[in-house]
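Visitor: The residues making up each chain are set out below.
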Amino acid sequence: MKPENLNQLWDWIQNTELSFQIGATWVFPLLESIHVLSVVFLFSSILIVDLRIMRVSALNYPIQLVYKELVPWSWAAFAISCMSGLGLFISRPGAYAENPAFQIKMCLLLLAGVNLALFKLKSSNDKAHAEDVNQYAFSREEYQACLSVLIWASVIFAGRWIGHIN
Amino acid sequence: MNIPIMIELIINIIQESALREFVLWGLLNVPGLPPILQSIHILAVATLFASIGMINLRFLRLALPSQSPNEMIIRLAPWMWASLLTLLLTGSAFVIARPARYFYNPIAGIKLLCLTIAICLAALLFRFAKRRPNYWESSNSRYKLAQGISLCSISLWICTVFAGRWIAYLDYLF
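Those protein sequence lines, which keep their order, are chains A and B.
Quick note on numbering: the first sequence equals residues -17 to 148 in our numbering.
Quick note on numbering: the second sequence equals residues 920 to 1093 in our numbering.
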């Protein structure tokens, strides 16, 4: 899609009744609160799994079990944060799309997705890991967990910065 | 001394302090300091939810069913206190810089109230769990009580997060 077409799209979205209702009423702070809360739940569930992989916490419990028990929370929180984030985006799509902090946040989300996909792909290919979930994680997994925490923390930083860049 | 006069006195003390001057200078002159502090504040909230939030959800049987609530309390209590300390430090920077904005804001008052009760409930859960191993799981009535405390606690933490966001949007409410 050409940039001018994108700008037309943002203009069209911003001129809709929905965009006005979100941007000019109490719906915006409500969506923002839901967004912050869902991001908090998302990061906390990811943090628990990653800290377990990094052997920092919950060492009595197998990695796969901790992962399995928290993954529904992560996905639910991610879905809610995406929907509330989309609502916030609709209120001023052009301004958000041009905001460098927003662009960095989107890139970081993509990076987090790639990191997760690589983690799952490598883990499922690793027979030894699948057979003995109590085995301590390999160094690669620890690095990936550390990277995951850093990426998600950066997502929160970038998200906060959006409001401070005009 | 009545409460409004006391609040005004506290605001005056803060406004005339050297600490306020220093904090305000930092917030205005250190590039990016306000969003950095706010981001650290949100990360601390997330760590708080990863500790006391998950303990509450565990008691309510909504998360981490394989983990022992008592073991979780012992293991995660230091995380919760560290998160609260970080929240206090990052949050107080903004209160010290602009005390009138927070002391005269009813939403900030609601946030403080929710936070105080939630901390007391967490301390209650921790105290009994540390005093006697498996205290909350030793009888059905105690477990039910822990569930009640957890339900109130997680609701109050959520209210605290919401109130924190709405401090800036007071005009929409009043």
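Wrong hints could be hidden among the right ones.
Some chain B residues near chain A, calculated using beta-carbon distances under 8 Å [stated by the list, open to error]:
#	residue
1	Pro950
2	Pro954
3	Val964
4	Ile1077
5	Trp1085
No lab work stands behind these hints, which were simulated from the structure alone.
On a predicted model such as this, the values are computed, not experimentally measured, just so you know.
Backbone N, C-alpha and C fix where the C-beta goes; we use that ideal spot for every residue, glycine too.
Visitor: Does each hint fit the structure? Answer for all of them.
Guide: We went through each hint and held it up to the structure:
1. The interface hint given for Pro950(B) is broken, as the beta carbon of that residue sits about 11 Å from the closest beta carbon of chain A, more than 8 Å.
2. Annotation: Pro954(B) was flagged as interfacial toward chain A, and the flag holds, the nearest CB pair being 5 Å apart, inside 8 Å.
3. The interface hint given for Val964(B) is met, as the beta carbon of that residue sits about 5 Å from the closest beta carbon of chain A, less than 8 Å.
4. Satisfaction of the interface hint for Ile1077(B) is found here, the shortest Cβ-Cβ separation to chain A being roughly 6 Å, below the 8 Å cut-off.
5. Evaluation of the Trp1085(B) hint against chain A yields a held restraint, the C-beta minimum of about 6 Å falling below 8 Å.
Hint 1 alone, counting from the list given before, is not met by this structure.
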